[in-house]
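Novice: Below, each chain spelled out in residue letters.
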Amino acid sequence: MDLDLSPSELAFQAEARAWLAENVPAEPLPSLDTPEGFELHRQWEAKLSAARWPVVSWPEEYHGRGASLVEWIIFEEEYYRAGAPLRVGQNGIFLLSPILFEHGTKEQQDRFLPSMATGEKVWAQCWSEPEAGSDLASLKSTARRDDERGGWVLNGQKIWCSRAALAHWGFGLFRSDPEAQKHAGLTYFLFPLDAEGVTVRPIAQLDGEAGFAEVFFDDVFVPDADVLGAPGDGWRVAMSTAGNERGLSLRSPGRFTAAADRLLALYADRPDPRVADRVVDAWIGAEAYRLYTWGTVSRLKDGGDIGAAGSVNKVWWSELDVALHETALDLLGADAELESTWLDGYTFSLSGPIYAGTNEIQRNIVAERILGLPREPKGAQK
Amino acid sequence: MRFELTTDQRDFAASLESLLSAADTVAAARAWAAGDHDPGLKLWQRLAEQGVTELATEATPVEVVVAFEALGRHAVPGPWVESAAYLPVALGREVEGIGTVGAPRALDADVADELYAVVDGALHTATAGAAHVSVDRARHLFDVTVGDPVEHGDLAAAYDLAALATAAQLLGAGERVLADAVTYVKQRRQFGREIGSYQAIKHKLADVRIALDFARPLVFGAALVPTGSITERERAVSAAKVACADAAYLASRTGLQVHGAIGYTQEFDLSVWITKIRALVTAWGTPAEHRARILDSLVGA
Ligand SMILES: Cc1cc2nc3c(=O)[nH]c(=O)nc-3n(C[C@H](O)[C@H](O)[C@H](O)COP(=O)(O)OP(=O)(O)OC[C@H]3O[C@@H](n4cnc5c(N)ncnc54)[C@H](O)[C@@H]3O)c2cc1C
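Residue numbers (the working numbering), protein chains in the order written: chain A, 354 to 735; chain B, 10 to 310.
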């Protein structure tokens, strides 16, 4: 058992650190959910990609470095420690690309991955529907077969699609076989958000910015080339990303160790013994997450998979994020209500226990799949 | 980087596990509580033969942690932390037989072959005084009368290994309480279904699973801190102790709650762990002391 990095991992770390120190913008960029901030963030992605940093774990032919999982975590740690901007391309990079690599055709990989890496095309995840949130498989949006044109016709509505107001492409599930059982008969589609028949209506979030949007589909044609995986196999394809989202990829520990360091600096600046224990607990929580992640990486290297442990992970990082930020606001005292990076972070952290599957749903998964407790009795289903 | 036990370490854990599962450790703990030390001393002997008493001097902190997690999971009675973690480092040698140390009171001084006290950062011989009753009936605590100073090694390192071993013991005890609670809620039925199918119960137990899962890496992380980085070691040990105390305590509260009244009885075995956890939460540094130590090391006093 050891936590030591190899010489080549240390060299990788040094290279990343040096590049970031040189290139991270001195001033924080405006929010990526504003048109101006979105453009500046895309320029940052382009800069990352010119130096081959946007997707270190991808193969070289797609702007990656073929880096190992350990190196990916090292990079993330350095990235957040350097105070680099949030990743505007994260939905594509972290949520779609793993399934493109796993289930996509070579043609789809060649067509979609390079522009995703450079930030040229930003993707939105269109999964939720007004009537299908936690119970995602009850979604109603439809895909009708169109043999003549060699594709499918989409109808319906998606909602809460992050970044959809500004993004270029979307990915989501549609019911392609109305006769099939709930989880069967779903198909995974990729579609441009400016396709004919698509209407995007931005929705302002708690912080006032249009971070997500609802998307309406009115006879939108999608060619067969843009179906991801086999028709009818959408649920299985989609679930191969859900583990990623809750597990490692969306929330690497670097984010939280960096936030814990900033919290300690804030405490040093404004010590308040009444908040001290919570500062310590936030630091312990981030440290636990960092070490837990190394354990996960070790298991993955040995050929294991994340599975239901992704749910353990998700509850932890989302609640840690809220605790870190609430503690900072308490240290700020009466200034806490004023616009600040801490306040922005706090507002965003509040959504963590909701998105990527609510924490209630994650606790059900932990209880049923890890502890082996009896399944919830299913209610009346139509 | 490989943050997982090696095959040897796994084998060691498995051999302790089979020894302890086969021994009736609860009976030993109950006898120990009643003042009959025989079964506990026999168990002590067998564990010593497995090398548990020499780990602190002959192996690494990882092995110490592996062993103490097993001791906690099986509620093994006796001054194990004192004898197999603190004193070997403090004295720079394995303890022959059983040792204990007043920190501030001495655990199980009545069975100890060697008894010490720490005064002003120095180790002294000691003799046992008045006995006290612990929440954990299997812990007999004694006042000590301080004798002569003895030559000693790094007491700070000894303290850290003792706190880390206690953290590991808490982790094991917490895991055991969770496992028993899960078994119980799958059997016990109320209102026509297993109580484990109720979400209120599931979520409580899921929270225990999550808390233990994130306490564990802190324990092993602390065991891996390189010798020499003292501040880092102290901080890592304190983080492990705080997290294990919180997680095990949550396990014990939850375990008791889901058992209902049967959990509140002394005759039901769960009581052995619930009371031990409560005692270990404050042994070898209270959570408040360990939190303060972390804060000091991170931002200065
Ligand atoms: C900031 C943000 C960004 C998002 N981005 C995206 C995105 O990019 N793409 C996308 O598709 N979606 C996105 N979502 C949507 C998100 O995935 C859903 O909000 C989430 O799955 C919950 O669905 P819901 O909001 O419909 O809540 P509901 O499912 O209606 O749940 C409401 C409450 O009931 C609880 N509940 C529901 N079922 C159960 C149950 N069985 N047991 C116990 N409690 C239950 C929930 O936990 C929750 O507390 C985003 C959400 C937020 C807040």
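There could be a bad hint or two in this list.
[To be verified] Calculated lysine-lysine pairs in the DSBU-like style (CA-CA distance at most 30 Å, straight line): (1) A/Lys474 to A/Lys493; (2) A/Lys535 to B/Lys51; (3) B/Lys195 to A/Lys731; (4) A/Lys459 to A/Lys731.
[As the list claims (entries may be wrong)] Cβ-to-Cβ under 7 Å is the rule here; a few derived chain A residues that face chain B: (5) Phe574; (6) Tyr620; (7) Ser651.
Don't read these hints as lab results, they were simulated from the structure. Cβ coordinates follow ideal geometry from the N, Cα and C atoms, glycine included.
Novice: For each hint, tell me whether it holds in the structure or not.
Specialist: Verification of the supplied hints:
1. A/Lys474 to A/Lys493: holds, 28 Å
2. A/Lys535 to B/Lys51: violated, 60 Å
3. B/Lys195 to A/Lys731: holds, 18 Å
4. A/Lys459 to A/Lys731: Given that 30 Å is the threshold and the Cα spacing comes to 40 Å, the pair is violated.
5. Phe574: At 43 Å from the nearest chain B Cβ, A/Phe574 fails the 7 Å test, so the hint is violated.
6. Tyr620: holds, 6 Å
7. Ser651: holds, 4 Å
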